[in-house]
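*Asks:* Chain by chain, the residues:
There are 4 protein chains.
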Amino acid sequence: MRIGVLTSGGDCPGLNAVIRSVVHRGTDVHGDEIVGIEDGFLGLIEGRTRPVSHDDVTGLLTLGGTILGSARVRRDRIAWAVDNARTLARDVGIDALITIGGEGTLTAAKMFSDAGLPVVGVPKTIDNDIDATDVTFGFDTAVHVATEAIDRLKTTAESHQRVMVVELMGRHTGWITLTAGMAGGAHGILIPEKPFDIEAVARMVEDRFSRGKKFAIIAVAEGAAPLPGTLRFDHGAVDQYGHQTFGGIGNRLAHELEDLLGKEARPVILGHTQRGGTPTARDRVLATRFGWHAVEAVHQGAFGHFTALRRNDIRLVPVGDAVTRLKTVPKDRWAESEAVL
Amino acid sequence: MRIGVLTSGGDCPGLNAVIRSVVHRGTDVHGDEIVGIEDGFLGLIEGRTRPVSHDDVTGLLTLGGTILGSARVRRDRIAWAVDNARTLARDVGIDALITIGGEGTLTAAKMFSDAGLPVVGVPKTIDNDIDATDVTFGFDTAVHVATEAIDRLKTTAESHQRVMVVELMGRHTGWITLTAGMAGGAHGILIPEKPFDIEAVARMVEDRFSRGKKFAIIAVAEGAAPLPGTLRFDHGAVDQYGHQTFGGIGNRLAHELEDLLGKEARPVILGHTQRGGTPTARDRVLATRFGWHAVEAVHQGAFGHFTALRRNDIRLVPVGDAVTRLKTVPKDRWAESEAVL
Amino acid sequence: MRIGVLTSGGDCPGLNAVIRSVVHRGTDVHGDEIVGIEDGFLGLIEGRTRPVSHDDVTGLLTLGGTILGSARVRRDRIAWAVDNARTLARDVGIDALITIGGEGTLTAAKMFSDAGLPVVGVPKTIDNDIDATDVTFGFDTAVHVATEAIDRLKTTAESHQRVMVVELMGRHTGWITLTAGMAGGAHGILIPEKPFDIEAVARMVEDRFSRGKKFAIIAVAEGAAPLPGTLRFDHGAVDQYGHQTFGGIGNRLAHELEDLLGKEARPVILGHTQRGGTPTARDRVLATRFGWHAVEAVHQGAFGHFTALRRNDIRLVPVGDAVTRLKTVPKDRWAESEAVL
Amino acid sequence: MRIGVLTSGGDCPGLNAVIRSVVHRGTDVHGDEIVGIEDGFLGLIEGRTRPVSHDDVTGLLTLGGTILGSARVRRDRIAWAVDNARTLARDVGIDALITIGGEGTLTAAKMFSDAGLPVVGVPKTIDNDIDATDVTFGFDTAVHVATEAIDRLKTTAESHQRVMVVELMGRHTGWITLTAGMAGGAHGILIPEKPFDIEAVARMVEDRFSRGKKFAIIAVAEGAAPLPGTLRFDHGAVDQYGHQTFGGIGNRLAHELEDLLGKEARPVILGHTQRGGTPTARDRVLATRFGWHAVEAVHQGAFGHFTALRRNDIRLVPVGDAVTRLKTVPKDRWAESEAVL
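Residue numbers (full-length UniProt numbering), protein chains in the order written: chain A, 1 to 341; chain B, 1 to 341; chain C, 1 to 341; chain D, 1 to 341.
Don't read these hints as lab results, they were simulated from the structure. Hints may be right or wrong, so weigh each one.
As the list claims (entries may be wrong) - Derived EDC-like pairs: lysine to aspartate or glutamate, alpha-carbon spacing no greater than 16 Å straight-line: (1) LYS214(B) <-> ASP55(A); (2) LYS327(D) <-> ASP207(C); (3) LYS263(C) <-> ASP313(C); (4) LYS213(B) <-> ASP56(A); (5) LYS213(D) <-> ASP28(C); (6) LYS213(C) <-> GLU199(D); (7) LYS214(D) <-> ASP55(C); (8) LYS214(A) <-> ASP55(B); (9) LYS214(C) <-> ASP55(D); (10) LYS213(D) <-> ASP56(C); (11) LYS213(A) <-> GLU264(A); (12) LYS213(B) <-> GLU264(B); (13) LYS110(A) <-> ASP56(A); (14) LYS214(D) <-> GLU38(B); (15) LYS327(D) <-> ASP131(D).
What the hints assert, rightly or not - Residues from chain D shown here face chain C by an in silico Cβ test under 10 Å; the list is partial: (16) GLY212; (17) ALA281; (18) LEU309; (19) ARG311.
What the hints assert, rightly or not - Output of the computed footprint for chain D on chain C, the stretches with three or more beta carbons under 8 Å from beta carbons of chain D: (20) 280 to 288; (21) 298 to 312.
Computed from a predicted structure; not experimentally measured. C-beta: ideal position from N, C-alpha, C; glycine also.
Isolated chain A, as found in the complex (with noise of 0.2 Å):
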């Protein structure tokens, strides 16, 4: 067969080692033509495409990013796609197509299927907010990044007895924020699935100084939000550029802590380096099955479906609910992460 690859949405640690995996199994045990498509859905729109051996992939086990490119596409323009399937799959020669991306390209990927283009899917998420699989890869890339970050930051915080406020990735969850938080042993975790009170948040700090400890750190999540009105003040929110990273709520909560609490607090924005670089271990290796997994399912017909982690079990899912709703961070979870303070 003739099988497209495409990567759509923002970079992933894991995307190459998909498309390597579906390169090796496709190529040397199906003796199927692997097509890459360049830039998500613009290229197979704009017919842009190439053909990926197995020498193209050496190497790329390791390698962050995506070979492929990657681009936003407007949703009219993937409606447009959608309805000439047929014709954009005949005219960049694919049978099928796997494509490795987020929420949206799985949804796009049951459309097209129904529309005459057999589709596959791969989710593709740092932040781990996809309810039908376990995990998805970049993931545990983030979290140690993230972890490392906070492991570095204790000792500054300490020498200086200072408050280390921590920005980690998660506009609408806060997995990332949860899992590294606890890992790294942050002392305030805060997250958008639970509204925080900056006065609590300043209480917990002080009863840490009262008991003799030199410092803290509170990872907060870009997309974590005060209790209505409890954040005084309202400027910092986005910058004078409109970017939301330059001035977004870990700047606001340590210009706030230090206010409250008369001591310096810093805070450190890790921004991009979440999402870059070489997979860990187990990236690479669920990536690697999931690419696996997405060529038996083209070659088994199960078209709308998407690959999904079940405990230490890889699954095809049906495309649908599981896909669009989001998998937050439930209440036990904070309590087990309050029990760390």
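Chain A is fixed; fit chains B, C and D onto it per the hints.
*Replies:* Structure of chains B, C and D alone, referenced to chain A:
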């Protein structure tokens, strides 16, 4: 309550993180006193204990090893301890015990509970071979260390057109070798579950070289065994000192491949570096959650149970078959790993 | 002898390794008593000290930060301390003092020695801007952290055809940015020693894209400055809280490049992660050697001197011009780094 | 100009970074053509070359090993190559040659230059034993890997009250062992420059245990030797396959210490992991600078010279005694390292 805690068996990254979590949850939330028992069951038998306070566990999240020490104890002495469970508990002044250890320790947990010393178990094995839990802490760290080593060996192998044989931990199961082998892109993965044919391994390497590849990496578990009679050299399994680690399967395999292929083959025995040092983020979190839930289990009176990970949740599992049944690498995982060759 | 030791100024990986080494050499070899002075010169002035024994320094080799704490002290208070040097020394009961700190601290070392409190200095700056020593501890760790970040940012930049601007430490000198920039293969390296032309930076990026390269990495030191009047946007240099780190040169540069190039440009501000955490092997060894030689210097009576690395040897250098002269990046290093673009 | 480049001798992190830098500087700045010669002098003799363009070196900064390959060549063949230098140069069409290799390669550089093939050398040895340069690239990476291993072994040693013997690279000099041993806080550091007394090592370990310490780490260079007649077991130096790495000094030492002390002693042989994989930031920069200056040397006609680091500057050093003189660990460094015990 006065809760004893002990660590038993081999070193495993995350042991200290469990101890820390037990103290945090027990003392901060339940007002328990935590009694550290030294050198596993030996300390229980000899009454060697010390209180472990909140301050005593500062910094333990990232510290490998166990501050309580660990020692292997003969089964007959443990049997004696079980017979005298009540007395020992009274002597060291504990109401309940949390034992962190492998299969033998978990089994003992049930025996002690039945004998009047209420015990909750926390599973511990870097080999990840306990069936009742999706994964155990320490495993991810071992895989991380092994994968980093394979990453480094690859460039040397390629520069010198060599075969590298890396021997990883796993006497009875191949989880570390399978996972690190896949993560490192090893071309051969040899595990105890699947006796290997040395000729087939040699052919695979020759195929690679005939396809223009300049090197090969073979990941072999220390417990991997050849098909009967296929390794012609019988020496080397045990070295002149009787130490398994000196002349194990890695050395024999490298020697034979060099002999069969007429190419340089070099063994690397990672050994103890796989089981020490700072745990990965994933292992820190799992160990912390196990400790948290073990304390809750004590207060719920769920004795004779142990903590287990199921998907993303921690469950309490009754000690029983689940413990003693060894989780081996299933056949479908062999196929996945072969596809990566 | 009773030897005091204090750490002064900002956090720097290796401070604890110096303290450990001073204790090992002083107590084990010379039978000295080591007196730890808390929070730098503040502790000396306020008489806050504690004995530091061999056991107290266990594990310090790999621990970032300083167990003695550090605080910035106003120059007038240090002047007062110098005037009262003999009294302070008698009050805390020390015969000599080892001060670990930056340029100001080293200068103070001479003043205290002249005033009757014999002091040996150990240079400390992650910026590596002290002329009298080939390198200072902490610098290699900062470069290591910054390089790992650049490695990770590259794959994201390439996947999304972006310009990434990474702001690194260095208010007055560009050593961290030059070294991490070269190590990370940054395409633009902007340092305080060399005012940059924003148009030239934009042209360099456009050249890269015109040659088919899909991304660019700009490493900029926090103290790098544009040629007068070449940055059209004057806001952003300092954010609404007056914190340099919020809206510094990295943010401004990313904003302007996006504006000039019409391509996505994203800033990443590494901040405090560069100055905390476990030191690299190189920094551990340098810090250990400095501590060792500082103790020897005390016993040789080489007061008013500080330890310095010359090639592979440690020398004792008299405090003087060598200290106050800032070691800046020389022109021939600019050329080397440009060649790497 | 048409400049050939070859890598010779054992693998060393940074080789590819030198090649990349030569291409960047040569092609981008001087308009040179860079001719890659495969497998060291073998490729020169057999005329196996390929052009190396700017695109060919993309990603090489972080890649261990050498894309040109390396092979050891018998001295008589190199002598033959020297006799036919002009012809070989004409056949592969190069005006000058940059050789990256160890002492033998540097010596050859002079011979080739005298014989009419102008050569500039770049020193390469992970052992750091070339006297004319403060340090060589690859060394810092080897030390980094070895130190990480010692860090991990410590916790296991402590948990099990064991002696760990870690064997590091260095047949003739102890730089890796001395540096990694100090960085890892090893309690015994045994190097080729200083024959050791097994009884003294055993006493040191017993002293530690008698002071309540629960473990000891011994770092031993593969080339370290006991005082004549002090190791009672004569077997094990070379294993049954004649491979030095199987039953070397690490294994013998662990066996004897166990025998002398009556305590568990375990050997770990790091082996090839020390010489492969991604270079540290420091090695990347040093390799890049060496490549840059080697190209400049070619254009300056400084043939028969090689690049060397002096303090923070790169110098061109004439091949001569400086090369052949082995840089061994001087006595004053022994003292420093003992102080850390």
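*Asks:* Taking the hints in turn, state whether each one holds.
*Replies:* So, going through the hints one by one against the coordinates:
no.	hint	in the structure
1	LYS214(B) <-> ASP55(A)	holds, 13 Å
2	LYS327(D) <-> ASP207(C)	violated, 45 Å
3	LYS263(C) <-> ASP313(C)	violated, 49 Å
4	LYS213(B) <-> ASP56(A)	holds, 13 Å
5	LYS213(D) <-> ASP28(C)	holds, 15 Å
6	LYS213(C) <-> GLU199(D)	violated, 62 Å
7	LYS214(D) <-> ASP55(C)	holds, 13 Å
8	LYS214(A) <-> ASP55(B)	holds, 13 Å
9	LYS214(C) <-> ASP55(D)	holds, 13 Å
10	LYS213(D) <-> ASP56(C)	holds, 13 Å
11	LYS213(A) <-> GLU264(A)	holds, 15 Å
12	LYS213(B) <-> GLU264(B)	holds, 15 Å
13	LYS110(A) <-> ASP56(A)	violated, 29 Å
14	LYS214(D) <-> GLU38(B)	holds, 13 Å
15	LYS327(D) <-> ASP131(D)	holds, 5 Å
16	GLY212	holds, 9 Å
17	ALA281	holds, 4 Å
18	LEU309	holds, 9 Å
19	ARG311	holds, 5 Å
20	280 to 288	holds (count 6)
21	298 to 312	holds (count 3)
The structure is inconsistent with the numbered hints 2, 3, 6 and 13, although it conforms to all the rest.
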